[in-house]
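**Student:** Spelled out, the chains give:
Number of protein chains: 2
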Amino acid sequence: MTTSYPKSVLLRENGPREGFQALAAVHPTETKLELIDALAQTGVRSIEVTSFVRADRIPQLADAEELVARLTPRTGVRYTALYLNERGLERALASTTLEVGGFFLLAASEAFLKHNQNRTLDQALAELATMAELFAARNLPFEQLMISTCFGDEYQGRIECEAVLAIVAQAFQRLNGALPAEVTFADTTGWGNPEAVRRLISEFRSRHPGVEPGLHLHDTRGTGMANVLSGLQCGVERFDASVAGLGGCPFAPGAAGNVPTEDVAFLCEELGIHTGVNLEKYIHCATLAEKLVGVPLPGKLKQGGLLKVRS
Amino acid sequence: MTTSYPKSVLLRENGPREGFQALAAVHPTETKLELIDALAQTGVRSIEVTSFVRADRIPQLADAEELVARLTPRTGVRYTALYLNERGLERALASTTLEVGGFFLLAASEAFLKHNQNRTLDQALAELATMAELFAARNLPFEQLMISTCFGDEYQGRIECEAVLAIVAQAFQRLNGALPAEVTFADTTGWGNPEAVRRLISEFRSRHPGVEPGLHLHDTRGTGMANVLSGLQCGVERFDASVAGLGGCPFAPGAAGNVPTEDVAFLCEELGIHTGVNLEKYIHCATLAEKLVGVPLPGKLKQGGLLKVRS
Chain G
213 MTTSYPKSVL
223 LRENGPREGF
233 QALAAVHPTE
243 TKLELIDALA
253 QTGVRSIEVT
263 SFVRADRIPQ
273 LADAEELVAR
283 LTPRTGVRYT
293 ALYLNERGLE
303 RALASTTLEV
313 GGFFLLAASE
323 AFLKHNQNRT
333 LDQALAELAT
343 MAELFAARNL
353 PFEQLMISTC
363 FGDEYQGRIE
373 CEAVLAIVAQ
383 AFQRLNGALP
393 AEVTFADTTG
403 WGNPEAVRRL
413 ISEFRSRHPG
423 VEPGLHLHDT
433 RGTGMANVLS
443 GLQCGVERFD
453 ASVAGLGGCP
463 FAPGAAGNVP
473 TEDVAFLCEE
483 LGIHTGVNLE
493 KYIHCATLAE
503 KLVGVPLPGK
513 LKQGGLLKVR
523 S
Chain X
213 MTTSYPKSVL
223 LRENGPREGF
233 QALAAVHPTE
243 TKLELIDALA
253 QTGVRSIEVT
263 SFVRADRIPQ
273 LADAEELVAR
283 LTPRTGVRYT
293 ALYLNERGLE
303 RALASTTLEV
313 GGFFLLAASE
323 AFLKHNQNRT
333 LDQALAELAT
343 MAELFAARNL
353 PFEQLMISTC
363 FGDEYQGRIE
373 CEAVLAIVAQ
383 AFQRLNGALP
393 AEVTFADTTG
403 WGNPEAVRRL
413 ISEFRSRHPG
423 VEPGLHLHDT
433 RGTGMANVLS
443 GLQCGVERFD
453 ASVAGLGGCP
463 FAPGAAGNVP
473 TEDVAFLCEE
483 LGIHTGVNLE
493 KYIHCATLAE
503 KLVGVPLPGK
513 LKQGGLLKVR
523 S
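Protein chains in written order, with the working numbering: chain G, 213 to 523; chain X, 213 to 523.
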């Protein structure tokens, strides 16, 4: 194994979407906007602010339209929202504050796909082709194909690298060469480990050199930051993360939030990898997130603080 | 960089000492014994149960003698206690339940040494020589030389690899060839990062091939598990850790506990590295620790649970 840290990474802040979706309480739009606007002033370049899903399934995000309408534009910050189908895409496109790109969510675990999106892999692949045509018709760049449960899940158990890459290959075949800019590998419920990350990223890289790999890691079992390190060692340049570690998946019991953005940024900066993020301001956001949701959040840097010498 | 994971690792459980020392409340001996005895049934081979320090400085551990007298011997488990000077060593040796080895604590940050142990580096090195003679006279193997604040601290700032190795060299010179079996590098207040760990371990290895390196890592800023991974990638076989991440240093404000033992064990097992630890039983201990101290503890595995397929 050779280590090839990237020079810089793109951190995508997922906290507002991941967090407010996962919490039992429905938080006021005002609260979400307060956190989002604080995040928008940290230097982070991309913030996923909500998800256009059905309000009856996730009432926590029923205010999606109101929220995006009230976002404060900030220089250098891209606001995005998750969507899972054509209806969601139309809702996203109706906003003037979001920057919408082509996105599609697959799963490596077909059982997970059935459970969460009520479709088979074949159905999902067919829908991928339809959505890709829609992106083309709308002149939207196909930015991200995300594959959830990339290392396994509680329905199907451990999922090997080759099985994930077979799904990627099937997906790419359906796209007739109109490939996404990035394939984002998501460890949805913490089945990943650093060696599995290394294998998947290296194999993907060697087979699809023109497509960027990204990582979306949850820290369910304490391996999150080690998995981030493994991704960095493989040169991965795009990471989803969540302020203070806010979040979890409402459909995956016991699931934890994403790796904490400020902890990932600190790790990167310590390794000489540029993030563009102001750590002091991010710590402020992590503390704010904890205050707003009223429960202790896992991020460590907000407690430990920056490296400072006593004067 | 080449990765050379060890086949197996020795995990030393530090939770009872680190944890009950750091908590504001003084916990009853009974509580400590309950946790220690649960830990002693997990397959972990070494448990640091207390520290022989002055009761007026750390009243939380004033029951050290009573505690060690009441330990239940368990096959395959070694009970140890921390000591920092001759008086502490004598107290440890007076017990029949502890297995006492030669141990000495230095610091890479002289300012930290002055603050916590009220001595200069020269004084500490002189005491090292005296203690080593005592070990020899007592027929105690010199097991561990621990160097705290190996990557920096709030008094002195960042500490480079060469400065740490210069202290190791001075220490070894005082010992006239009677070297310790292990040098344990301690990241006392979370100034370490994976590259700093790699540099220190690799350089130490190349200069002192006959002495084992060990790691004692605190997770103050979210880099703990990434630092563990870096140590494992360098082949380190000895790690201190603390059940559920219990702990922190009472003299270092904002300091966090050690990396959680069960999370480290899970990471190791996922990487195919044998720990000898029963993860299910360790999760039980982590949950017990949280219940006993009555505050949320950072370990993740106790929440996320083992990798299991739904039946």
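These are computed hints drawn from the structure, not numbers from a lab. Mixed in with the good hints, there may be bad ones.
[Stated by the list, open to error] Facing chain X, according to a computed beta carbon distance under 10 Å, are these residues of chain G, among others:
{"no.": "1", "residue": "Tyr367"}
{"no.": "2", "residue": "Gly369"}
{"no.": "3", "residue": "Glu372"}
{"no.": "4", "residue": "Gly511"}
[Said to hold, decoys possible] Here are the computed lysine-lysine pairs in the DSSO-like style, where the Cα-Cα straight-line distance is at most 30 Å:
{"no.": "5", "chain 1": "X", "residue 1": "Lys503", "chain 2": "X", "residue 2": "Lys520"}
{"no.": "6", "chain 1": "G", "residue 1": "Lys219", "chain 2": "G", "residue 2": "Lys503"}
{"no.": "7", "chain 1": "G", "residue 1": "Lys493", "chain 2": "G", "residue 2": "Lys520"}
{"no.": "8", "chain 1": "G", "residue 1": "Lys503", "chain 2": "G", "residue 2": "Lys520"}
{"no.": "9", "chain 1": "X", "residue 1": "Lys493", "chain 2": "X", "residue 2": "Lys219"}
{"no.": "10", "chain 1": "X", "residue 1": "Lys326", "chain 2": "G", "residue 2": "Lys520"}
{"no.": "11", "chain 1": "X", "residue 1": "Lys503", "chain 2": "G", "residue 2": "Lys503"}
{"no.": "12", "chain 1": "G", "residue 1": "Lys326", "chain 2": "X", "residue 2": "Lys520"}
Quick caveat: nothing in here was measured; it's all calculated off a predicted structure. Glycine included, C-beta positions come from ideal geometry on N, C-alpha and C.
**Student:** Given the hint that G/Lys503 pairs with G/Lys520, does the C-alpha gap stay at or below 30 Å?
**Tutor:** holds, 24 Å
**Student:** Taking the closest Cβ pair, is G/Glu372 under 10 Å from chain X?
**Tutor:** The hint is violated - G/Glu372 has no Cβ within 10 Å of chain X, the shortest such distance being about 14 Å.
**Student:** With a cut-off of 10 Å on the beta carbons, see whether G/Tyr367 makes it to chain X.
**Tutor:** Nearest chain X Cβ about 6 Å off; hint holds.
**Student:** Checking one constraint from the list: CA of X/Lys503 to CA of G/Lys503, max 30 Å. Satisfied?
**Tutor:** holds, 24 Å
**Student:** Min Cβ distance, G/Gly511 to chain X: is it shorter than 10 Å?
**Tutor:** holds, 7 Å
**Student:** Next pair to validate is X/Lys503 with X/Lys520; report whether the Cα-Cα distance is within 30 Å.
**Tutor:** Given that 30 Å is the threshold and the Cα spacing comes to 24 Å, the pair holds.
**Student:** Given the hint that X/Lys493 pairs with X/Lys219, test it: the Cα-Cα distance must not exceed 30 Å.
**Tutor:** Within the cut-off at roughly 22 Å; holds.
**Student:** Would the pair G/Lys493 and G/Lys520 pass a check requiring their Cα atoms to be no farther apart than 30 Å?
**Tutor:** With a Cα-Cα distance of about 15 Å, the restraint between G/Lys493 and G/Lys520 holds, given a limit of 30 Å.
**Student:** Has the given pair, G/Lys219 with G/Lys503, been kept, meaning a C-alpha gap of at most 30 Å?
**Tutor:** Violated, because 34 Å separates the two Cα atoms, which is more than 30 Å.
**Student:** Hint G/Gly369 vs chain X: min CB-CB distance below 10 Å?
**Tutor:** holds, 4 Å
**Student:** Below or equal to 30 Å on CA atoms is what counts here, so check G/Lys326 against X/Lys520.
**Tutor:** Judged against 30 Å, a Cα distance of about 19 Å means the pair holds.
**Student:** Keeping to a limit of 30 Å between CA atoms, is the pair of X/Lys326 and G/Lys520 held or broken?
**Tutor:** Measuring from Cα to Cα gives roughly 19 Å; hence the hint holds.
Of the numbered hints given earlier, the model fails hints 3, 6; all others are met.
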